[in-house]
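*Asks:* Sequence:
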Amino acid sequence: MQRLRSSGHRAFAPTLTGLADRSHLFGSDIGLDTHIADVVSTVRWEEMDGIVLCGHSYGGMVISGAAEQLEGKLAGIAFIDAFFPLDGQSCSDLSGRVVARDAAIPPPPAESFGIADADECARVARLMTPHPSNTVSDKIALSGARERVAKKAYIVAGNRERSYFQKPYETLSQDPAWQTFALPTGHHPMLDAPDALVDVLKGQFASA
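Residue numbers (numbering that gives the first Met the number 0): 0 to 207.
No wet-lab data here; the hints were simulated from the structure.
There may be inaccurate statements among the hints.
What follows is a list of derived Cβ distance ranges for each label pair [unchecked claim]:
| id | residue 1 | residue 2 | range |
| --- | --- | --- | --- |
| 1 | Ser111 | Glu45 | 32 to 40 angstroms |
| 2 | Gln88 | Gln173 | 13 to 21 angstroms |
| 3 | Gly95 | Ser6 | 35 to 43 angstroms |
| 4 | Pro183 | His8 | 18 to 26 angstroms |
| 5 | Pro183 | Glu110 | 16 to 24 angstroms |
| 6 | Arg43 | Glu110 | 18 to 26 angstroms |
| 7 | Gly143 | Arg96 | 20 to 28 angstroms |
| 8 | Arg4 | Arg43 | 15 to 23 angstroms |
| 9 | Pro108 | Glu70 | 37 to 45 angstroms |
Lysine to aspartate or glutamate pairs mimicking DMTMM-like chemistry, simulated, CA-CA at most 25 angstroms apart [as the list claims (entries may be wrong)]:
| id | residue 1 | residue 2 |
| --- | --- | --- |
| 10 | Lys201 | Glu169 |
| 11 | Lys166 | Glu67 |
| 12 | Lys166 | Asp86 |
| 13 | Lys150 | Asp48 |
| 14 | Lys166 | Asp198 |
| 15 | Lys150 | Glu169 |
| 16 | Lys201 | Glu146 |
| 17 | Lys138 | Asp92 |
| 18 | Lys201 | Asp48 |
| 19 | Lys201 | Asp174 |
| 20 | Lys201 | Glu67 |
| 21 | Lys138 | Asp86 |
| 22 | Lys138 | Glu110 |
| 23 | Lys72 | Glu110 |
| 24 | Lys150 | Asp28 |
| 25 | Lys150 | Asp194 |
| 26 | Lys138 | Glu45 |
| 27 | Lys201 | Asp28 |
| 28 | Lys150 | Asp37 |
| 29 | Lys72 | Asp118 |
| 30 | Lys72 | Asp92 |
| 31 | Lys150 | Asp198 |
| 32 | Lys166 | Asp92 |
| 33 | Lys201 | Asp92 |
Glycine is no exception: its CB is placed at the ideal position from the N, C-alpha and C atoms.
Produce the complete structure using the sequences and hints provided.
*Replies:* Below you can see the structure in the form of structure tokens.
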């Protein structure tokens, strides 16, 4: 985030309801639409326009939904080792993981993300919080707003093999409307190779 700001960009990383520093708001009523609203509200209250939406992992679901409500304000959209849903799909559909509704999904072991630096991995382990299961099982409604964004990128973490991230990368690599990139990192390129990730984003969206 600081790397983008030091380059003169306005950069925001809104915390989704029920997670991290908003974990005190955790509740069974939190769904995918709640998290989409978190992002949409940030854009509107900060009076942003011509923005680039970036989503990592589950965040791919969120920015896909947010694009539906922010069409006209988006100059670009970037998926960073992220879920890429089609209309009517859920995160659970894409991952193959069945979860109970109205439950808390415990965080996975930080080691599973392939974070290169041991201290950084330990920090991630300390800061992870349970995830509201409804956000994973809720199906998304998409009309194609995401595809109508002018500049689009999919960035895959090349050091991990997850079919639900590799598949959209391979599919979108064949679509001339998308730019695709592979970074030699674990699931968190923003931790393993932040400069490389920022270079990709700045290179792809410099004029956005």
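*Asks:* For each hint, tell me whether it holds in the structure or not.
*Replies:* Evaluated hints:
1. At roughly 34 angstroms, the beta-carbon separation of Ser111 and Glu45 lies within the given 32 to 40 angstroms, and the hint holds.
2. For Gln88 and Gln173, the hinted distance range of 13 to 21 angstroms is satisfied, since their beta carbons lie about 20 angstroms from each other.
3. Roughly 39 angstroms separates the CB atoms of Gly95 and Ser6, a value that falls within the hinted 35 to 43 angstroms.
4. For Pro183 and His8, the Cβ-Cβ distance of about 25 angstroms falls inside the hinted range of 18 to 26 angstroms, so the restraint holds.
5. Checked against the hint of 16 to 24 angstroms, the pair Pro183 and Glu110 passes, with Cβ atoms roughly 18 angstroms apart.
6. Hint check: Arg43 to Glu110, Cβ distance near 38 angstroms, so the stated range 18 to 26 angstroms is violated.
7. Distance hint check: the CB atoms of Gly143 and Arg96 are about 27 angstroms apart, consistent with the given range 20 to 28 angstroms.
8. The supplied range of 15 to 23 angstroms is met by Arg4 and Arg43, whose beta-carbon atoms lie about 21 angstroms from each other.
9. Judged by the Cβ atoms, the range 37 to 45 angstroms given for Pro108 and Glu70 holds: they are separated by roughly 38 angstroms.
10. Restraint check for Lys201 and Glu169: satisfied, since their Cα atoms lie roughly 22 angstroms apart, inside the 25 angstroms limit.
11. Between Lys166 and Glu67 the alpha-carbon distance is near 23 angstroms, which keeps this suggested pair within the 25 angstroms criterion.
12. Between the alpha carbons of Lys166 and Asp86 the distance comes to roughly 16 angstroms, so the proposed pair stays at or under 25 angstroms and holds.
13. In summary, the hint linking Lys150 to Asp48 is supported, as the alpha carbons are separated by about 15 angstroms, within the 25 angstroms threshold.
14. Straight-line distance between C-alpha atoms of Lys166 and Asp198 comes to about 24 angstroms, which keeps the hinted pair within the 25 angstroms bound.
15. Of the pairs offered as hints, the one joining Lys150 and Glu169 holds, with about 18 angstroms between alpha carbons and a cut-off of 25 angstroms not exceeded.
16. For the given pair, Lys201 sits about 20 angstroms from Glu146 by alpha-carbon distance, which is consistent with the 25 angstroms threshold.
17. Taking the CA atoms of Lys138 and Asp92, the gap is about 9 angstroms. The hint holds against a cut of 25 angstroms.
18. A hinted pair counts as satisfied when its Cα atoms are at most 25 angstroms apart, and Lys201 with Asp48 qualifies at roughly 17 angstroms.
19. Between Lys201 and Asp174 the alpha-carbon distance is near 21 angstroms, which keeps this suggested pair within the 25 angstroms criterion.
20. Note on Lys201 and Glu67: the hinted pairing holds, with a Cα-Cα distance of about 24 angstroms set against a maximum of 25 angstroms.
21. Note on Lys138 and Asp86: the hinted pairing holds, with a Cα-Cα distance of about 8 angstroms set against a maximum of 25 angstroms.
22. Annotation: proposed proximity of Lys138 to Glu110 is violated, straight-line Cα distance about 29 angstroms (limit 25 angstroms).
23. Among the hinted pairs, Lys72 with Glu110 is inconsistent with the structure: their alpha-carbon atoms are about 37 angstroms apart, more than 25 angstroms.
24. For the hint pairing Lys150 with Asp28, the CA-to-CA distance comes to about 34 angstroms; that exceeds 25 angstroms, so the pair is violated.
25. For the hint pairing Lys150 with Asp194, the CA-to-CA distance comes to about 21 angstroms; that is within 25 angstroms, so the pair holds.
26. Taken as a hint, the Lys138 and Glu45 pair is broken in the structure, with Cα atoms around 28 angstroms apart against an allowance of 25 angstroms.
27. Restraint check: the Cα-Cα separation between Lys201 and Asp28 comes to about 37 angstroms, which exceeds 25 angstroms; the hinted pair is violated.
28. Only pairs whose Cα atoms come within 25 angstroms are accepted, and Lys150 paired with Asp37 is accepted, the gap being roughly 23 angstroms.
29. Note on Lys72 and Asp118: the hinted pairing is violated, with a Cα-Cα distance of about 38 angstroms set against a maximum of 25 angstroms.
30. For the given pair, Lys72 sits about 29 angstroms from Asp92 by alpha-carbon distance, which is inconsistent with the 25 angstroms threshold.
31. With a C-alpha separation of about 16 angstroms, the suggested pair Lys150 and Asp198 falls inside the 25 angstroms cut-off, and the hint holds.
32. A C-alpha spacing of about 14 angstroms is found between Lys166 and Asp92, which places the hinted pair at or below 25 angstroms, so the restraint holds.
33. Only pairs whose Cα atoms come within 25 angstroms are accepted, and Lys201 paired with Asp92 is rejected, the gap being roughly 32 angstroms.
Figure legend: structure checked against the earlier numbered hints; hints not met, in rising order: 6, 22, 23, 24, 26, 27, 29, 30 and 33.
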